[in-house]
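Quick note, the sequences are listed as chains A and B, same order.
When you line the first sequence up against numbering that gives the first Met the number 0, it's residues 0 to 194, in that order.
When you line the second sequence up against numbering that gives the first Met the number 0, it's residues 0 to 71, in that order.
It is possible that some hints are incorrect.
[Claimed, not checked] FRET-style restraints, in silico, Cβ to Cβ:
no., chain 1, residue 1, chain 2, residue 2, range
1, B, L65, A, H7, 44 to 50 Å
2, A, N93, B, I50, 36 to 42 Å
3, A, W61, B, I50, 26 to 32 Å
FYI, nobody ran anything at the bench for these hints, they're computed from the structure.
Everything numeric in this text was worked out from a predicted model, so none of it was measured.
We put the beta carbon where it would ideally sit given N, CA and C, even for glycine.
Spelled out, the chains give:
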Amino acid sequence: MEDNSNKHFKGQQRDEEVVYYSCKHWITLAPLMIEFVLAVAILAALVSFLIGVENRPEWARWVFVAMTGVTALWLHSFFTRTLNYFLDIVIITNFRVLKVEKSLYLKDDQNIVDLHEIQDIKKIQHGIISNLFDYGKLVIVTPTMIEPMILENMPDPERFFRKVNNSKRDYIYQRQQRKLKTSNYEYADGQVVNQ
Amino acid sequence: MTWIMAINTVSILFAVMTTWLMVRYLRKYKLPHTYYKRLFGFVRIRYLLGIYALSTVGLAALTTGLFYTFFV
Numbered sequence: 000m001e002d003n004s005n006k007h008f009k010g011q012q013r014d015e016e017v018v019y020y021s022c023k024h025w026i027t028l029a030p031l032m033i034e035f036v037l038a039v040a041i042l043a044a045l046v047s048f049l050i051g052v053e054n055r056p057e058w059a060r061w062v063f064v065a066m067t068g069v070t071a072l073w074l075h076s077f078f079t080r081t082l083n084y085f086l087d088i089v090i091i092t093n094f095r096v097l098k099v100e101k102s103l104y105l106k107d108d109q110n111i112v113d114l115h116e117i118q119d120i121k122k123i124q125h126g127i128i129s130n131l132f133d134y135g136k137l138v139i140v141t142p143t144m145i146e147p148m149i150l151e152n153m154p155d156p157e158r159f160f161r162k163v164n165n166s167k168r169d170y171i172y173q174r175q176q177r178k179l180k181t182s183n184y185e186y187a188d189g190q191v192v193n194q
Numbered sequence: 000m001t002w003i004m005a006i007n008t009v010s011i012l013f014a015v016m017t018t019w020l021m022v023r024y025l026r027k028y029k030l031p032h033t034y035y036k037r038l039f040g041f042v043r044i045r046y047l048l049g050i051y052a053l054s055t056v057g058l059a060a061l062t063t064g065l066f067y068t069f070f071v
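Chain B extracted, bound-state conformation:
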């Protein structure tokens, strides 16, 4: 259980850092940010960052839940 918790904590921290770096870059330089609005007509960077955050937290919850249910 300790290993699962450690992996997921590092994973969430990495996701926070990546999101922060991306948001900082986008706030500083307006150029790429405006382009996102056009990708496939609907994909915006904030949606992608939201999906990223949800996936990371979801993976942590899923692996912890599965491990707790079947291996503890």
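Just chain A, with the same shape it has in the complex:
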């Protein structure tokens, strides 16, 4: 079993340990890869067209400059979105479930559900692609929240589902043990009575 006790995240509480964590499934990167191939093809075609223009008029020079600007913008957008993919993670700790939606420049959100508040978890895995590559949606319902926590494109949803359930069970058991300890009184002869 993997030891996650040495792993840390932003906003971690005292005595809180990471049980499981996951990025979204790699399939979410597929549109980016397709975009990359298309963009490189379009740019190569444009460059070869501009270079092939006879006598290379002034407008061709300005189109080349504009194309350089657009390409630079796209390149940064592409890599920033790829890096952002890695920062979007879901963490299960021994106290709660955290959905961290972070990007390098624009976003730093955290959606948190305490384990004891979880009323229901739904695993939704529809379609051929979803079942073939083993990813799906998880919906965590809590009575106190107006909207449920929705975790889209989670890899191995079955495992995530199991981890949340196990953590919840452990957490509830520990809370009960703590309550029992505080409500019991032990006499000097070792006899324990319930207060």
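Let chain A serve as the given structure and place chain B on it in line with the hints.
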């Protein structure tokens, strides 16, 4: 030529800033960093940052070279 140089300078500066922000975040919080080792079995964040740096510098060199060769 001035425009090409200006665009590429801003582009390289932006890449440096993005890489610095990412590295700073990863050093501070160990969690996402460890996950990268698993993506497709071989993609690590430092490879990706390396490709990013190379692409930015490569684009600057390519556009400057093409402009100098064909339009100056």
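Cross-check of the supplied hints:
1. B/L65 - A/H7: 44 to 50 Å: Since the Cβ atoms of B/L65 and A/H7 sit about 46 Å apart, the hinted range of 44 to 50 Å holds.
2. A/N93 - B/I50: 36 to 42 Å: holds (37 Å)
3. A/W61 - B/I50: 26 to 32 Å: Roughly 30 Å apart at Cβ, these two residues keep to the hinted range, so it holds.
Hint compliance for this structure: no hint is broken.
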